[in-house]
Amino acid sequence: MDDFLHNLRSGKLKQPDQNRRQYNDSQYKNSQRRNVQDRRKRESESPLTAENITAFKEALENIVENQKQMAVALQQRSDAEVRKAGALEKIAQSIKSMVPPQAFATEAPVEAPMDTAEEMASAPVVESTSGRNNKLVGGEREKVTNIIIRLREDGMSYEKIAKQMETAGYPTLSGKGKWRGQTIKRLFEKTAQK
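Residue 69 in numbering that gives the first Met the number 0 sits at position 70 of the sequence shown, with consecutive numbering throughout.
Treat the hints as calculated values from the structure; they're not laboratory data.
Some clues are possibly wrong.
[Stated by the list, open to error] Straight-line distance between alpha carbons at most 25 Å, and here's what the computed PhoX-like set of lysine-lysine pairs gives:
| hint | residue 1 | residue 2 |
| --- | --- | --- |
| 1 | Lys189 | Lys175 |
| 2 | Lys142 | Lys95 |
| 3 | Lys142 | Lys175 |
| 4 | Lys142 | Lys159 |
| 5 | Lys177 | Lys142 |
| 6 | Lys83 | Lys95 |
| 7 | Lys184 | Lys162 |
| 8 | Lys159 | Lys189 |
| 9 | Lys67 | Lys56 |
| 10 | Lys162 | Lys142 |
| 11 | Lys142 | Lys184 |
| 12 | Lys162 | Lys189 |
| 13 | Lys177 | Lys159 |
| 14 | Lys175 | Lys159 |
| 15 | Lys95 | Lys67 |
| 16 | Lys175 | Lys162 |
| 17 | Lys177 | Lys162 |
| 18 | Lys189 | Lys177 |
Using the sequences and the accompanying hints, generate a full structural model.
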């Protein structure tokens with residue numbers, strides 16, 4: 000046995016390997032060659048880990064819980080709609096019992112009167128003159144100016160004079176609007192210049 004091992008180690012007894020093929024053979028396929036795309040896929044794909052599985056499980060549980068809550072909410076809403084319909088029916092019945100029966104017995108439908116644009120345009124416009132006379136004339140105007148001059152000489156401001164004229168119910172010079180301090184000032188200055 001020692002001789003056999005010695006010859007084997009020294010290379011004197013070399014036995015050719017039967018399973019070995021030549022590399023230059025065209026039918027030889029190297030098992031080490033890989034497709035580049037396959038290698039990239041493997042690197043980008045992450046295997047399912049325990050963390051991923053637990054996260055996925057939690058997400059599914061949340062979805063299931065949300066769906067249950069939505070189903071309960073929809074059921075409550077439909078119950079509320081049924082109760083509302085019942086209440087409206089009761090209201091309609093009670094109103095119907097309050098209305099006399101001849102209210103429903105009309106001979107024929109009657110149209111409501113309609114105003115057309117021509118009728119509205121031809122209708123006279125009535126202006127309200129309640130509360131005041133339209134304009135100050137002659138003696139009234141002098142009376143108002145004398146009151147303003149007297150109050151101004153007493154030391155009242157234009158605004159206070161306007162308030163007093165308004166409360167006393169004197170009409171304005173134009174017959175429109177309210178007495179204002181600025182109007183009193185102009186009237187006072189005009190009478191002072193004369």
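Handout entry: Given pair status - Lys95, Lys142, alpha carbons within 25 Å
Key = 66 Å, violated
Practice task
Given the hint that Lys177 pairs with Lys142, test it: the Cα-Cα distance must not exceed 25 Å.
Solution key: 18 Å, holds
Exercise for the section: For the pair we were handed, Lys142 and Lys159, check the Cα-Cα distance against 25 Å. Expected result: 18 Å, holds
Problem - Straight-line alpha-carbon gap Lys189 to Lys175, limit 25 Å - result: 20 Å, holds
Exercise for the section: Below or equal to 25 Å on CA atoms is what counts here, so check Lys142 against Lys175. Expected result: 18 Å, holds
Practice task
Could you grab the alpha-carbon distance between Lys83 and Lys95 and see if it respects the 25 Å cut-off?
Solution key: Holds, because 18 Å separates the two Cα atoms, which is no more than 25 Å.
Problem - Restraint status (C-alpha distance of Lys189 to Lys177 at most 25 Å) - result: 19 Å, holds
Handout entry: 25 Å Cα cutoff - pair Lys142, Lys184
Key = 16 Å, holds
Problem - Given hint Lys162 paired with Lys175 - CA-CA distance at most 25 Å - result: 16 Å, holds
Practice task
Would you check the hint for Lys184 and Lys162, treating anything up to 25 Å between C-alpha atoms as holding?
Solution key: Since the Cα atoms of Lys184 and Lys162 sit roughly 13 Å apart, the hinted pair holds (cutoff 25 Å).
Handout entry: Agreement of Lys95 and Lys67 with the hint, judged by alpha carbon distance not exceeding 25 Å
Key = 42 Å, violated
Handout entry: Pair hint outcome, Lys67 versus Lys56 [Cα-Cα no greater than 25 Å]
Key = This hinted pair holds, its Cα atoms lying about 17 Å apart.
When the structure is compared with the earlier hints, violations turn up for hints 2 and 15 and for no others.
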